[in-house]
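A.B. asks: As a plain string of letters, each chain reads:
Number of protein chains: 2
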Amino acid sequence: MRARPTGRRPGNPDTRESILAAARTAFAERGFDAASIRVIATAAGVDPALVHHYFGTKEELFRATVDIPVDPAELLSGVLAGGADGVGERLVRTFLGVWDSPAGTAAVAVLRSAVNNEWSARLLREFLVTQVLRRVLDRLDLDPAELPLRGALVGTQLAGLAMMRYVIRLEPVASADPETLVGAIGPTVQRYLTGELTA
Amino acid sequence: MRARPTGRRPGNPDTRESILAAARTAFAERGFDAASIRVIATAAGVDPALVHHYFGTKEELFRATVDIPVDPAELLSGVLAGGADGVGERLVRTFLGVWDSPAGTAAVAVLRSAVNNEWSARLLREFLVTQVLRRVLDRLDLDPAELPLRGALVGTQLAGLAMMRYVIRLEPVASADPETLVGAIGPTVQRYLTGELTA
Chain X
1 MRARPTGRRP
11 GNPDTRESIL
21 AAARTAFAER
31 GFDAASIRVI
41 ATAAGVDPAL
51 VHHYFGTKEE
61 LFRATVDIPV
71 DPAELLSGVL
81 AGGADGVGER
91 LVRTFLGVWD
101 SPAGTAAVAV
111 LRSAVNNEWS
121 ARLLREFLVT
131 QVLRRVLDRL
141 DLDPAELPLR
151 GALVGTQLAG
161 LAMMRYVIRL
171 EPVASADPET
181 LVGAIGPTVQ
191 RYLTGELTA
Chain B
1 MRARPTGRRP
11 GNPDTRESIL
21 AAARTAFAER
31 GFDAASIRVI
41 ATAAGVDPAL
51 VHHYFGTKEE
61 LFRATVDIPV
71 DPAELLSGVL
81 AGGADGVGER
91 LVRTFLGVWD
101 SPAGTAAVAV
111 LRSAVNNEWS
121 ARLLREFLVT
131 QVLRRVLDRL
141 DLDPAELPLR
151 GALVGTQLAG
161 LAMMRYVIRL
171 EPVASADPET
181 LVGAIGPTVQ
191 RYLTGELTA
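These protein sequences, in sequence, are chains X and B.
Going by full-length UniProt numbering, the first sequence opens with residue 1, and the numbers climb by one from there.
Going by full-length UniProt numbering, the second sequence opens with residue 1, and the numbers climb by one from there.
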């Protein structure tokens with residue numbers, strides 16, 4: 001996990017804000033894949049090079065719009081390194097690691113905002129699908145037709161874990177040792193990723 | 001599922017509101033078990049008989065405070081009638097039946113409110129534990145020491161299903177046929193209720 005840089009960025013804060021606003025609109029309306037840096041730059045009235053200068057890659061710009069202070073690519077490389085075997089447990093362990101860390105406060109804010117606001121919900125959905133679920137599923141050699149359902153099922157379990165542990169604070173999940181939850185919920189995520197989907 | 005009566009109730013609407021406010025405080029602060037009709041009536045400055053007159057049983061009063069328009073006891077009797085076998089699938093099917101019905105709109109409002117407000121989160125937590133999870137778990141002949149964790153794990157999966165299907169609207173879960181979800185998620189709930197909790 002990598003904290004967001006806290007140092008001041010060069011340039012005009014209004015320009016930064018315009019780029020972020022244009023990016024939010026583009027990602028929510030067109031989706032991550034179709035929204036291009038060029039379109040975002042045009043909407044913000046700046047040169048595409050300036051977007052890269054302020055925010056780096058398109059992935060990094062997207063993370064800034066969703067206000068998620070961790071890099072999923074980096075986190076998921078560890079989850080995926082071990083292959084399909086045990087990937088469910090590793091995903092739950094990594095997920096809990098982020099939410100139990102200081103970044104968890106930002107994550108709770110993102111979840112709250114998505115529940116309250118259709119715009120934020122769209123951004124979170126795009127984020128989950130393109131930055132998290134797709135990265136995991138593309139590496140697992142599965143039937144492509146099943147990938148969307150598998151990914152969304154993983155989403156239901158992880159979102160519910162976050163809700164109950166960090167927002168609703170339902171005991172004993174709220175204060176359980178992370179490894180207890182990894183042992184109980186890891187097999188669920190594993191089945192959603194690689195197992196049979198019908199009873 | 002039973003719709004809330006929509007007819008006018010007798011008596012003063014201010015009195016009704018005072019009782020509801022006192023009940024919310026009592027259920028959130030003391031929990032469902034410890035909050036008594038007598039304490040609630042005293043706090044509202046009315047006779048306990050009037051509380052029963054307006055709201056019926058303590059369970060019914062609690063449902064009115066959480067604004068949940070279905071009767072869990074009634075819904076769960078069908079879920080539990082078949083015993084432990086297949087209870088996971090029946091619970092998911094019943095859950096989806098409520099959320100897919102007109103009552104689902106109220107349920108989304110309850111979930112949103114719990115995410116935004118610590119007070120509502122406490123009430124929802126108490127509701128889940130005492131009106132839903134406990135009713136299911138008490139009938140399944142399980143090790144009592146494991147019941148709280150089993151119940152909370154079921155809570156994570158069902159809350160996440162509701163979040164993704166009805167609030168965040170993550171596809172294909174958002175528009176999946178209910179039986180597809182019953183087939184995929186039922187076994188998870190079954191394992192949380194009656195299976196091994198460690199990998």
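Honestly, the hints are just simulated from the structure, not real lab data.
Every residue, glycine too, gets a C-beta built ideally from N, C-alpha and C.
One or more hints might be untrue.
A few chain X residues facing chain B, derived, Cβ under 8 Å [what the hints assert, rightly or not]:
#  : residue
1  : Val-46
2  : Leu-50
3  : His-52
4  : Gly-56
5  : Leu-75
6  : Ala-152
7  : Leu-153
8  : Gly-160
9  : Ile-168
10 : Arg-169
11 : Thr-194
12 : Leu-197
Now the in silico label distances, taken between C-beta atoms and shown as ranges [what the hints assert, rightly or not]:
#  : chain 1 : residue 1 : chain 2 : residue 2 : range
13 : B       : Gly-78    : X       : Gly-45    : 26 to 34 Å
14 : B       : Val-108   : X       : Asp-14    : 31 to 39 Å
15 : X       : Ala-145   : B       : Ser-36    : 28 to 36 Å
16 : B       : Ala-21    : X       : Ala-145   : 48 to 56 Å
17 : B       : Asp-177   : X       : Ala-43    : 19 to 27 Å
18 : X       : Ala-43    : B       : Arg-169   : 20 to 28 Å
19 : X       : Pro-48    : B       : Asp-177   : 30 to 38 Å
20 : X       : Val-108   : B       : Val-108   : 16 to 24 Å
21 : B       : Ala-49    : X       : Ala-109   : 30 to 38 Å
22 : B       : Glu-196   : X       : His-53    : 48 to 56 Å
23 : B       : Ala-49    : X       : Asp-100   : 32 to 40 Å
24 : X       : Asp-71    : B       : Leu-197   : 51 to 59 Å
If you want the ones that stay clear, here's a sample from chain B, every Cβ over 10 Å from chain X, calculated [what the hints assert, rightly or not]:
#  : residue
25 : Asn-12
26 : Thr-15
27 : Thr-156
28 : Leu-161
29 : Thr-180
30 : Pro-187
A.B. asks: Are the hints correct? Go through all of them and say.
C.D. replies: The hints, checked one at a time:
| no. | hint | verdict |
| --- | --- | --- |
| 1 | Val-46 | violated, 31 Å |
| 2 | Leu-50 | violated, 32 Å |
| 3 | His-52 | violated, 30 Å |
| 4 | Gly-56 | violated, 27 Å |
| 5 | Leu-75 | violated, 20 Å |
| 6 | Ala-152 | holds, 4 Å |
| 7 | Leu-153 | holds, 6 Å |
| 8 | Gly-160 | holds, 2 Å |
| 9 | Ile-168 | holds, 5 Å |
| 10 | Arg-169 | holds, 7 Å |
| 11 | Thr-194 | violated, 13 Å |
| 12 | Leu-197 | holds, 5 Å |
| 13 | Gly-78/B x Gly-45/X: 26 to 34 Å | violated, 60 Å |
| 14 | Val-108/B x Asp-14/X: 31 to 39 Å | holds, 37 Å |
| 15 | Ala-145/X x Ser-36/B: 28 to 36 Å | violated, 56 Å |
| 16 | Ala-21/B x Ala-145/X: 48 to 56 Å | holds, 53 Å |
| 17 | Asp-177/B x Ala-43/X: 19 to 27 Å | violated, 39 Å |
| 18 | Ala-43/X x Arg-169/B: 20 to 28 Å | holds, 25 Å |
| 19 | Pro-48/X x Asp-177/B: 30 to 38 Å | violated, 44 Å |
| 20 | Val-108/X x Val-108/B: 16 to 24 Å | holds, 19 Å |
| 21 | Ala-49/B x Ala-109/X: 30 to 38 Å | violated, 46 Å |
| 22 | Glu-196/B x His-53/X: 48 to 56 Å | holds, 53 Å |
| 23 | Ala-49/B x Asp-100/X: 32 to 40 Å | violated, 49 Å |
| 24 | Asp-71/X x Leu-197/B: 51 to 59 Å | violated, 32 Å |
| 25 | Asn-12 | holds, 34 Å |
| 26 | Thr-15 | holds, 31 Å |
| 27 | Thr-156 | violated, 4 Å |
| 28 | Leu-161 | violated, 5 Å |
| 29 | Thr-180 | violated, 8 Å |
| 30 | Pro-187 | violated, 5 Å |
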